[in-house]
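Asker: Respectively, the protein sequence lines represent chains Z and L. Each residue of the first sequence is one higher than the last, beginning at 1 in the working numbering. Each residue of the second sequence is one higher than the last, beginning at 232 in the working numbering.
Please keep in mind that the hints were generated in silico from the structure rather than gathered at the bench. Fair warning: this is a prediction, and the values are worked out from it, not measured in the lab. Certain hints may be false.
[Said to hold, decoys possible] Restraint-style ranges between C-beta atoms, simulated for each label pair:
| no. | chain 1 | residue 1 | chain 2 | residue 2 | range |
| --- | --- | --- | --- | --- | --- |
| 1 | Z | P182 | L | R349 | 30 to 40 Å |
| 2 | Z | V22 | L | L312 | 32 to 42 Å |
| 3 | Z | R29 | L | G336 | 36 to 46 Å |
| 4 | Z | V10 | L | G336 | 29 to 39 Å |
| 5 | L | L508 | Z | F133 | 55 to 65 Å |
[Said to hold, decoys possible] If you want the footprint, here are the derived chain L segments under chain Z, 3+ residues with CB under 8 Å:
| no. | stretch |
| --- | --- |
| 6 | 331-339 |
| 7 | 399-405 |
| 8 | 455-464 |
We put the beta carbon where it would ideally sit given N, CA and C, even for glycine.
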Amino acid sequence: MHISDGILPVPFWLGGYGLTAVITAHSLRRPEGRDPRRQLPKAALLTAAFFVASSIYLPLPPTSVHLLLNGLMGVMLGALAYPAILVGLFFQVATFGHGGLTTLGINAAIIGIPALLAGALFRVGRCRLGIGFSAFWAGAVGVGLAVLLFYAVLLVALSGSGTLSPEAEHLALSSLVVAHIPLMVVEGMFTGWVVLFLQRVQPELLSDGESLPQVLAEPVDPTSALPPGRS
Amino acid sequence: MGPVFPVKRHTKCATADQARLESLQPETGPSLSAKPSSCIYRWRPLPKLLGLMALIVAFASVQRLTWLPVIGALAIGIWGLSGLPWSLGLRRLALPGLLVSGLIGLLPFWMGETVIWRWGSLVLYWEGLEMVLRIGARLLAIVALNWVLLETTPLTELLAALRRLGIPDLLLELAWLTHRYLQELGSQWQQMQRAAQLRGWQPSLRQDLPFLATLLGTLLVRSYERSERVYQALRLRGCGQVVPWVTAAGDPTPSCVGLSWGATGLALGVAGLLLRLGTA
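Chain L extracted, bound-state conformation (with noise of 0.2 Å):
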């Protein structure tokens, strides 16, 4: 056997998922682009999340297109505040890709009555175009609002966060152990396919696939008895607990609370008059 694993050579979208499955790293869960010193970074992880959330609900159920240029400056704002670099939001809101542009290429030709503009059997449909709007400037902002939260919060602060918020306990460690595996899983693949690759292989779908099979076969079976050492090891230092639940780092003196818990209403606010005006 000597074939190579077939990851990098196929797509851009491949090596941009393999660069990112790459950079991940097991204590600190997403990666952690802002700046500690600003706002939204300090925002209490518990209200963080609730406020957030609920924007992003609100953002989802905007329906008037008179409304959406207000959530896109909303979530600029947000963004901005964040102190994350703009160029990573270019970048991360490249990443929901096929299944939108797909969308947004297709739904004005394909949906709605009132003809627009017509060129031969090619027509535009103004339902279609207003959906296509819809869906571009609500992705826009969800996307944007996502990226807030899980570039500017820990994986164990959002867990912690998480639990507080009724998610079972059993559920969060499934979390919390996958994320240890990760980077071992992703560093054996990598090896993997490194040897593969100095083998040259070339790649092909009749032959990959069995390649495949036995490489991620071999992964299993190489992790599964680690896994439950590790496991038990965890359990033995942790009486029962698997997760190291921690409270958010820094220091959560009364006014860094208040004020956390003050964004939250004021997220709130905004998430209920998004939802009384820009419903239909």
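Chain Z extracted, bound-state conformation (with noise of 0.2 Å):
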């Protein structure tokens, strides 16, 4: 789900940079009376399982596919999560070669966008539909959305610079949404197993930062990092 360097016309990836230097602004800003410094550790944690769990490959016949956790993502950092993704991609870039530098921006669009959607649809529906079923569709919908996003852009792109009939572009982006339906239940039950166990086991993770312990609100005091009788 990676937009590779040379695909795409400048002004697409341009955009992308754009949009990803609006949102991530828009996502590092500090809230009233919330430091987003304190959700840091959270946030380069799952940054770090979103990294590695890019690398399980999981066998979905007649091909294996990896997991995307953007929706897992949205539902444990809120709007953190979007500076999160690029910070993944990054890495993806650096280390697996996935995506390419000139498309980092619109790369973190593509993943970041429904990950936002997801983290909101998670918060909504977690009263009425229960934390499991909340966070299946959060994971369906974040990794339906960047589905739809990721043809889109590219179809888009490619019609944009050549010779494609709207009916071409219309067949080839509904069968290849219709074929990452699979994809979407997978990631969408994934989410769903991982949100449940973290609730039964350490809530606070799922917290988006609200309700941390009070012990990491407070300011950090030197003297109490040291042993006793050497302050």
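Reassemble the complex: the two chains are provided individually, in unrelated frames, and hints are given to aid placement.
Answerer: Shown next, in the form of structure tokens:
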């Protein structure tokens, strides 16, 4: 689900960087009374997990697929999911060669915007649908929207620089999206299981920074790190 | 529960990714395969970033077919100057993979109006072929420059250069922390995988999914509290700054800095020329 370098025309990837800059700046701005730095360890941890999980291939006959986890990131990180995905994609370029430096912005938009929507969907739906169902839908919608955006960007870019009939575009887009429905289900189930597990074992990981343990909300006192008698 | 982590059995690609994951070094960033004596390695990080990014933008903008060999030659020349092994280049160029090979295989038969060859219902179009040539050449050239940049610049220096370009500290701290956690998570993942493999569980999608979900959940829970402690410790040591911002390694003599900016000027000049002549 990464667009490589050299495929998109310049306005597309420049636009992707512009969009990513705006959304990242918005995500990193300091909300009233909340320091986004406190969320950094969780965001970095999840980014690393996102990166590690991208190396997992699941058999989905006749092929194998890898997990995106953008819905899970939206559920766990809220607005910080976008910068976390940006960083995760950078490491995927730097380590695996998936995607590219020019297309980093548009790839972040393709995966990050659905993550934000999935997070919002989870928060709205958790009271009405229950945590498991809303997590399932967040995971499925996250990957479904990402697939839709990915192929839409690709088809618009290709048809803009060549000759591609609207019928062929429509057929390609709809068949590719339909082909990804099993992946949406897999990702939704996976997200649901992870969220239910975390809800049971460590619910503050699902708190989106609103109810972090009090100890983390307090400023760091340097003397508290010293052993007794050394202060 | 006795499941096994299924990565290694599925695809060559998965195995390659896993091997790359295992080779992550937290302190140095992407592996440094370049000879430290090469001029690209000694190019200061900020001017190098600017120069190579300008060339990448110019390469991505080239439309005229006659200029494609030029960008290919430039990329090969820069790779040669970097001192990186050619075998590494071939391996890395194979990575962008599936999407591009799909496009290269499909586009000439799918897109265009000018028929240049027909065999039954199989029709080869000039416009599609032209686009494939453009995509392929630009991809190879840009990927080569990407790897030159990432292989010859340690992560901390790259982050410091990005900081000087105005990228927010919070984003860079996130990148740096992620890089620190990557190795820990990677090694924990490997341990869990090995433990599960020893139990002899056979992979299948029906059994993999719940197992992998539990595995990832366990990994997150195990790492979360530790990550908080590490973060607080880092902040204690760094007076609020998480990233140890560094200057580039080696002695930044005025001549070295001057040469670096000279090389960047040259790269910007070439990029300007390509943007002027190579675009349609």
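Asker: Each of the hints needs a verdict: does it hold here or not?
Answerer: So, going through the hints one by one against the coordinates:
1. Z:P182 - L:R349: 30 to 40 Å: holds (36 Å)
2. Z:V22 - L:L312: 32 to 42 Å: Roughly 37 Å apart at Cβ, these two residues keep to the hinted range, so it holds.
3. Z:R29 - L:G336: 36 to 46 Å: holds (45 Å)
4. Z:V10 - L:G336: 29 to 39 Å: violated (25 Å)
5. L:L508 - Z:F133: 55 to 65 Å: The hint (55 to 65 Å, Cβ to Cβ) holds, given that L508 of chain L and F133 of chain Z are roughly 58 Å apart.
6. 331-339: Check passed, 3 qualifying residues.
7. 399-405: Held - the stretch 399-405 of chain L has 5 residues with a Cβ nearer than 8 Å to chain Z, which meets the minimum of three.
8. 455-464: Result for this restraint: holds, n = 7.
Consistency with the previously given hints fails for number 4 only.
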